[in-house]
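Those protein sequence lines, which keep their order, are chains A and B. Under our numbering, think of the first position of the first sequence as 1, with each following residue one higher. Under our numbering, think of the first position of the second sequence as 116, with each following residue one higher.
None of these hints come from the bench; they were simulated from the model. Remember, it's a predicted structure, so these values are computed and weren't measured experimentally. Check each hint, because a few of them may be wrong.
Listed next, the stretches of chain A that the computed footprint assigns to chain B, with coverage defined by at least 3 CB atoms under 8 Å from CB atoms of chain B [to be verified]:
#1 74 to 84
#2 106 to 115
Only pairs whose alpha carbons sit at most 27 Å apart, straight line, appear in this in silico BS3-like list of lysine-lysine [said to hold, decoys possible]:
#3 A/Lys83 to A/Lys57
#4 B/Lys173 to B/Lys184
#5 B/Lys183 to B/Lys164
#6 A/Lys42 to A/Lys83
#7 A/Lys57 to A/Lys42
#8 B/Lys183 to A/Lys78
#9 A/Lys42 to A/Lys78
#10 B/Lys184 to A/Lys83
#11 A/Lys57 to A/Lys78
#12 B/Lys183 to A/Lys42
#13 A/Lys42 to B/Lys173
#14 B/Lys164 to A/Lys57
#15 B/Lys164 to B/Lys184
#16 B/Lys173 to B/Lys183
Just a sample of chain A residues kept apart from chain B, beta carbon distances all over 10 Å, derived [what the hints assert, rightly or not]:
#17 Val4
#18 Met15
#19 Gly16
#20 Val19
#21 Val24
#22 Ser27
#23 His29
#24 Gln41
#25 Gln64
#26 Ser66
#27 Pro70
#28 Asp71
#29 Ser87
#30 Glu103
For every residue, glycine included, the Cβ atom is placed at its ideal position computed from N, Cα and C.
Here is how the chains run, residue by residue.
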Amino acid sequence: EPEVTQTPSHQVTQMGQEVILRCVPISNHLYFYWYRQILGQKVEFLVSFYNNEISEKSEIFDDQFSVERPDGSNFTLKIRSTKLEDSAMYFCASRTSGAHTGELFFGEGSRLTVL
Amino acid sequence: AQSVTQLGSHVSVSEGALVLLRCNYSSSVPPYLFWYVQYPNQGLQLLLKYTSAATLVKGINGFEAEFKKSETSFHLTKPSAHMSDAAEYFCAVSDRNTGFQKLVFGTGTRLLVSP
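Take the sequences, apply the hints, and build the full model.
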């Protein structure tokens, strides 16, 4: 069964360092998302991406964050200068169509720990 | 803006007992509602969804949920719990007027099943 894959599964970094989290969405999907979950808190929307541009972003997604789809298969989330409060589980998701009833398929997440 | 509230961060049941996980939503328009499950060290998996067809929705693994507009609720139930149901369950809402189906999640409920 097709699945969304994310790497790394766990990354530890020092505050101020750049981090890139990678996702390979399901191959025929067109809509891509990043969510995050700080330990013990709710899953929060970060950004959605379609047709090589951001379609919506949350207040969390400030200038320190960026996304791109560099090669038609990977979908990356970059944090330019990590802060302690960026420590969280980051989930990538994808969907095949724009229909509201379409299911989002999630990856297993990348746990980021900022020291 | 839409939101969901999940009552109870933890629910404990015995194997064979009824499972009831509560979710109430807030939305200015009729919403789409979802339940996702997260097993340990795995991603989020769709259990079921309500998209304005039948108000009683059946999902995978014997779970079902009923949309009650008068109560703004979408509680998840299963008649008889199995040990394998132990996981984190997330209720989510999507505004059908939103172009790219951003999901807004609740804080999650951890289901514990004892022998």
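Each hint tested on the structure:
{"no.": "1", "hint": "74 to 84", "verdict": "violated (count 0)"}
{"no.": "2", "hint": "106 to 115", "verdict": "holds (count 4)"}
{"no.": "3", "hint": "A/Lys83 to A/Lys57", "verdict": "holds, 19 Å"}
{"no.": "4", "hint": "B/Lys173 to B/Lys184", "verdict": "holds, 18 Å"}
{"no.": "5", "hint": "B/Lys183 to B/Lys164", "verdict": "holds, 14 Å"}
{"no.": "6", "hint": "A/Lys42 to A/Lys83", "verdict": "holds, 19 Å"}
{"no.": "7", "hint": "A/Lys57 to A/Lys42", "verdict": "holds, 17 Å"}
{"no.": "8", "hint": "B/Lys183 to A/Lys78", "verdict": "violated, 41 Å"}
{"no.": "9", "hint": "A/Lys42 to A/Lys78", "verdict": "holds, 21 Å"}
{"no.": "10", "hint": "B/Lys184 to A/Lys83", "verdict": "violated, 42 Å"}
{"no.": "11", "hint": "A/Lys57 to A/Lys78", "verdict": "holds, 14 Å"}
{"no.": "12", "hint": "B/Lys183 to A/Lys42", "verdict": "holds, 23 Å"}
{"no.": "13", "hint": "A/Lys42 to B/Lys173", "verdict": "holds, 25 Å"}
{"no.": "14", "hint": "B/Lys164 to A/Lys57", "verdict": "holds, 24 Å"}
{"no.": "15", "hint": "B/Lys164 to B/Lys184", "verdict": "holds, 15 Å"}
{"no.": "16", "hint": "B/Lys173 to B/Lys183", "verdict": "holds, 15 Å"}
{"no.": "17", "hint": "Val4", "verdict": "violated, 7 Å"}
{"no.": "18", "hint": "Met15", "verdict": "holds, 26 Å"}
{"no.": "19", "hint": "Gly16", "verdict": "holds, 29 Å"}
{"no.": "20", "hint": "Val19", "verdict": "holds, 19 Å"}
{"no.": "21", "hint": "Val24", "verdict": "holds, 13 Å"}
{"no.": "22", "hint": "Ser27", "verdict": "holds, 17 Å"}
{"no.": "23", "hint": "His29", "verdict": "holds, 13 Å"}
{"no.": "24", "hint": "Gln41", "verdict": "violated, 7 Å"}
{"no.": "25", "hint": "Gln64", "verdict": "holds, 20 Å"}
{"no.": "26", "hint": "Ser66", "verdict": "holds, 18 Å"}
{"no.": "27", "hint": "Pro70", "verdict": "holds, 21 Å"}
{"no.": "28", "hint": "Asp71", "verdict": "holds, 22 Å"}
{"no.": "29", "hint": "Ser87", "verdict": "holds, 18 Å"}
{"no.": "30", "hint": "Glu103", "verdict": "violated, 5 Å"}
Violated hints for the displayed structure, listed by number in ascending order: 1, 8, 10, 17, 24, 30.
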